[in-house]
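Protein chains: 2
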Amino acid sequence: MDNKQVLLRKRPVGQPSTDDFEIVSAPLPPMEAGLVLRRTIYLSLDPYMRGRMSDGPSYATPVALGQPMVGHTVSQVLDSRNPAFKPGDFVAGYDGWQEFGCSTGAGLRVLDSSVAPISTAVGTLGMPGMTAYVGLLDIGQPKPGETVVVSAASGAVGSVVGQIARIKGCRAVGVAGSPAKCDYVAKDLGFDDCVSYKSPDFLDQLRAACPQGIDVYFENVGGLVFEAVLRLLNVNARIPLCGLIADYNVTATPPGPNLRPLLVKRALIKGFIVSDHNDRLDAFLRECTTWVREGRIKYREDIVEGLEQAPAAFLRLFSGENFGKLLVRVSADPTR
Amino acid sequence: MDNKQVLLRKRPVGQPSTDDFEIVSAPLPPMEAGLVLRRTIYLSLDPYMRGRMSDGPSYATPVALGQPMVGHTVSQVLDSRNPAFKPGDFVAGYDGWQEFGCSTGAGLRVLDSSVAPISTAVGTLGMPGMTAYVGLLDIGQPKPGETVVVSAASGAVGSVVGQIARIKGCRAVGVAGSPAKCDYVAKDLGFDDCVSYKSPDFLDQLRAACPQGIDVYFENVGGLVFEAVLRLLNVNARIPLCGLIADYNVTATPPGPNLRPLLVKRALIKGFIVSDHNDRLDAFLRECTTWVREGRIKYREDIVEGLEQAPAAFLRLFSGENFGKLLVRVSADPTR
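Line by line, the protein sequences are chains A and B. Number 339 marks the last residue of the first sequence (the working numbering); no jumps. Number 339 marks the last residue of the second sequence (the working numbering); no jumps.
Hints should not be assumed to be uniformly reliable.
[What the hints assert, rightly or not] To spell it out: a stretch of chain B is covered by chain A in this simulated footprint if at least three of its residues, at any positions, have a beta carbon under 8 Å from a beta carbon of chain A; those stretches are: (1) 56-70; (2) 256-262; (3) 275-283.
Note that these hints are calculated values from the structure, not bench results. All residues carry an ideal CB built from backbone N, CA and C; glycine is no exception.
Kindly generate the complete structure, drawing on both the sequences and the hints.
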């Protein structure tokens, strides 16, 4: 059985292109004692992958040239020599951009498809949801009545941030990149308001959406959204710094915002990486699963079909063309 | 008796000049029940005063045009109708740029001149020392063996930051603006190292002075020092943001550093204003007074003579010409 894989062919300078990837077929290794073989159903595409394509300083080792791209996956076990897994089990893992994964099973988590759709294990109930949960609650520490602003509000992380903020009694204001996304965030996800950063009067709109100022800003993008938010901060504001997608493809580091508002407002910025917070996984899964089942956290998926579409789909993350959690359906989902 | 005062005459745009001030003589109000009259001995000149000259958004109300400039003072009581104070007492207060202060005594603190020189009550044992204490210990939270970097290291705040860092078992590295200041910081104050930001190879020197990277950066200045520090941060670094003197006189807000290192290194920046931390005053005075008496915290004063010299002396804070805690001796110090 051959294993289709997407390899990193070369390191992009600036904006990545589909030329940076190569699709190959590799033979699967033979099954041996202790191994678990599974077929990928969903591959999650996430902004952090851009970092893994570069070999500059980062918090994680880059993908080696000629190796499969990394990524979170939902899979079904085909064959198992490990008693913890049996054929037919759905598992969440980190198998990367390929049709099959084969390992001892370390790091795999068995999913109960009756609790929530299995695709959520790489979205709202996976790394993006956990990023929202720990960044907002542990760093942002929102209090009832405060105003929480989140950028990339229709995305996999931002959508969860705003909905948890509402659950915690806050005013949730999203920033997104189009009227359609803003409509979705305000109407379908139930944020109090959502403004488009592409509006010519974005700052005025954001100010109007935050009449009491901004207490928590969950930062996913950097750039002009950050600068506008800095003008509206309240005293003792908190800024969980999750991502700076506006900067990920630049070749020269752009300057950042002037930090004087942080001083005047005694504000806090804290960068964080979700993988540092694994001690919070159980609390996250317990709470967010309940919220999803109760309909208090909704989500939207943007699914492309076929592993070979992964490179082109990935690029849409940076143009803002995706709308919802971006997934590749690598093989049929037997639960749908 | 006339009271010489320095008034704010106009609001500077950019760099202040002596023309922004006006020296006048005003009559003292008559003594009434409850009042305390005192003669200013020392007036402290500090960078925050630049903020009070402007009417832009800040954490404190600006000085009104035609009113005396604000400032911390050490004074001697001349006459008192308040039983808490008696003639001859030395007091620390906030009487501003004038020869005499007269009020109910609210906010005055009686000094014991046998414990430490009274001038320290506006320096190492006053607001600048307390700024160093709460910023370093409460926000920076240095652990033994960590590396603490502080900018404006020969100044009133920075000199205390590095010496407390040493007391706490850290490597203390200063950044200052001249070889003479660096010599003083390293040799007299006992920092482990001090580098000049004016050196052409400043980044390389800073890197060499911090072979284990930077765990805490006490930020007083902004600009290029901040940018260099961001390249050397360790994971989970903390940055107490105390001041951005490099920006105080600009007319257009300069961009700040790119914040990607904060994300990658999970770093924290927290702006703070010392007056929010008055609950720490007793602990600060107890600990720092002991350290000063034990000779573990040293200080240097840069004293100019006469209230009328205050405007010109104040400007030296922004050119880096002052060397040590900048004080105006408004009247003779009877303890020296």
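Numbered hints the structure breaks, given as an ascending list: No numbers; nothing is violated.
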